[in-house]
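Undergrad: Sequence:
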Amino acid sequence: MKTILSIFLLLFSQQLFAIENLSQSDFMGTWTSQWTVIEGESQILKILENKSSVFERNFEDGSKQLVTSNNIEYLDDLLIIKYTNKNGQLIVKLVMSGWHSYGRYQLYGTMYMYNEGKLYNGLTVSFARGK
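With the working numbering as the guide, the letters of the sequence shown map in order to residues 19 to 149.
Any given hint could be a false lead.
In the EDC-like style, the derived pairs of lysine to aspartate or glutamate whose C-alpha atoms are separated by at most 20 Å in a straight line are [unchecked claim]:
#1 Lys64 - Glu74
#2 Lys82 - Glu57
#3 Lys82 - Asp95
#4 Lys111 - Glu74
#5 Lys111 - Asp94
#6 Lys111 - Asp79
#7 Lys64 - Asp95
#8 Lys100 - Asp44
#9 Lys82 - Glu59
#10 Lys111 - Glu59
#11 Lys69 - Asp44
#12 Lys100 - Asp79
#13 Lys100 - Glu57
#14 Lys104 - Glu59
#15 Lys100 - Glu134
#16 Lys69 - Asp94
#17 Lys64 - Glu91
#18 Lys69 - Glu57
#19 Lys136 - Asp95
#20 Lys104 - Glu134
#21 Lys104 - Glu67
#22 Lys69 - Glu91
To be clear, the hints were calculated from the coordinates, so they are not data collected in a lab.
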């Protein structure tokens with residue numbers, strides 16, 4: 019039994035070492051939501067090489083929220099994107115990090131929501147790189 023457990027731990031530990039944090043260039047591309055807190059919602063996040071971003075939330079009733087940003091920051095392995103309204107007030111902030119392994123790319127984090135520039139909610143987000 020100890021031999022089987024040792025083999026399992028050895029294989030599992032090798033998988034862990036194959037996982038790497040995303041670099042700045044790894045964040046670029048189109049990401050689709052893995053799951054959302056709000057039932058029936060889907061999300062698409064596009065991060066472009068010119069440090070701009072489009073974040074789209076599609077709801078079950080057919081409505082959508084689409085926001086764009088030129089305010090992208092990288093802090094170590096964190097990606098921070100701030101979306102503002104026409105008046106320059108913060109409405110959504112995404113704070114995320116991610117990993118890749120064997121061609122699979124994942125982003126995880128929090129979507130902070132603001133009303134008149136004041137934080138009122140935060141929801142967990144999860145994305146996979148689109149093909």
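Undergrad: For every hint, state whether the structure bears it out.
TA: Each hint tested on the structure:
Distance hint between Lys64 and Glu74 is fulfilled; the C-alpha atoms sit about 9 Å from each other, no more than 20 Å. A C-alpha spacing of about 14 Å is found between Lys82 and Glu57, which places the hinted pair at or below 20 Å, so the restraint holds. Annotation: proposed proximity of Lys82 to Asp95 is violated, straight-line Cα distance about 30 Å (limit 20 Å). Under the criterion of a C-alpha separation no larger than 20 Å, the hint pairing Lys111 with Glu74 is consistent with the structure, at around 13 Å.
At most 20 Å may separate the alpha-carbon atoms for a hinted pair to count; Lys111 and Asp94 meet this at roughly 17 Å. Between Lys111 and Asp79 the alpha-carbon distance is near 24 Å, which puts this suggested pair outside the 20 Å criterion. This hinted pair checks out: Lys64 and Asp95 have alpha carbons roughly 18 Å apart, not beyond 20 Å. Using a Cα cut-off of 20 Å, the hinted pair Lys100 and Asp44 holds, with the two alpha carbons roughly 19 Å apart.
Between Lys82 and Glu59, the direct Cα distance comes to roughly 9 Å. Compliance with the 20 Å bound is thereby established for this hinted pair. Between Lys111 and Glu59 the alpha-carbon distance is near 18 Å, which keeps this suggested pair within the 20 Å criterion. At roughly 13 Å between alpha-carbon atoms, Lys69 and Asp44 fall within 20 Å of each other, so this suggested pair holds. Under the criterion of a C-alpha separation no larger than 20 Å, the hint pairing Lys100 with Asp79 is inconsistent with the structure, at around 26 Å.
Proposed proximity of Lys100 and Glu57 is contradicted: the alpha carbons are some 24 Å apart, above 20 Å. Proximity of Lys104 to Glu59 is assessed by CA-CA distance (about 24 Å); at most 20 Å being required, the pair is judged violated. Between Lys100 and Glu134 the alpha-carbon distance is near 14 Å, which keeps this suggested pair within the 20 Å criterion. About 16 Å separates the Cα atoms of Lys69 and Asp94, which keeps this hinted pair within 20 Å; it holds.
The hinted pair formed by Lys64 and Glu91 meets the criterion: a straight-line CA distance of about 15 Å does not exceed 20 Å. The suggested pairing of Lys69 with Glu57 is violated, with an alpha-carbon distance near 30 Å, which exceeds 20 Å. For a cut-off of 20 Å, the pair hint linking Lys136 to Asp95 is broken: about 26 Å separates their Cα positions. Taken as a hint, the Lys104 and Glu134 pair is honoured in the structure, with Cα atoms around 12 Å apart against an allowance of 20 Å.
Of the pairs offered as hints, the one joining Lys104 and Glu67 is violated, with about 23 Å between alpha carbons and a cut-off of 20 Å exceeded. A threshold of 20 Å between alpha carbons decides the hint, and for Lys69 with Glu91 the separation of about 9 Å falls inside it, so the pair holds.
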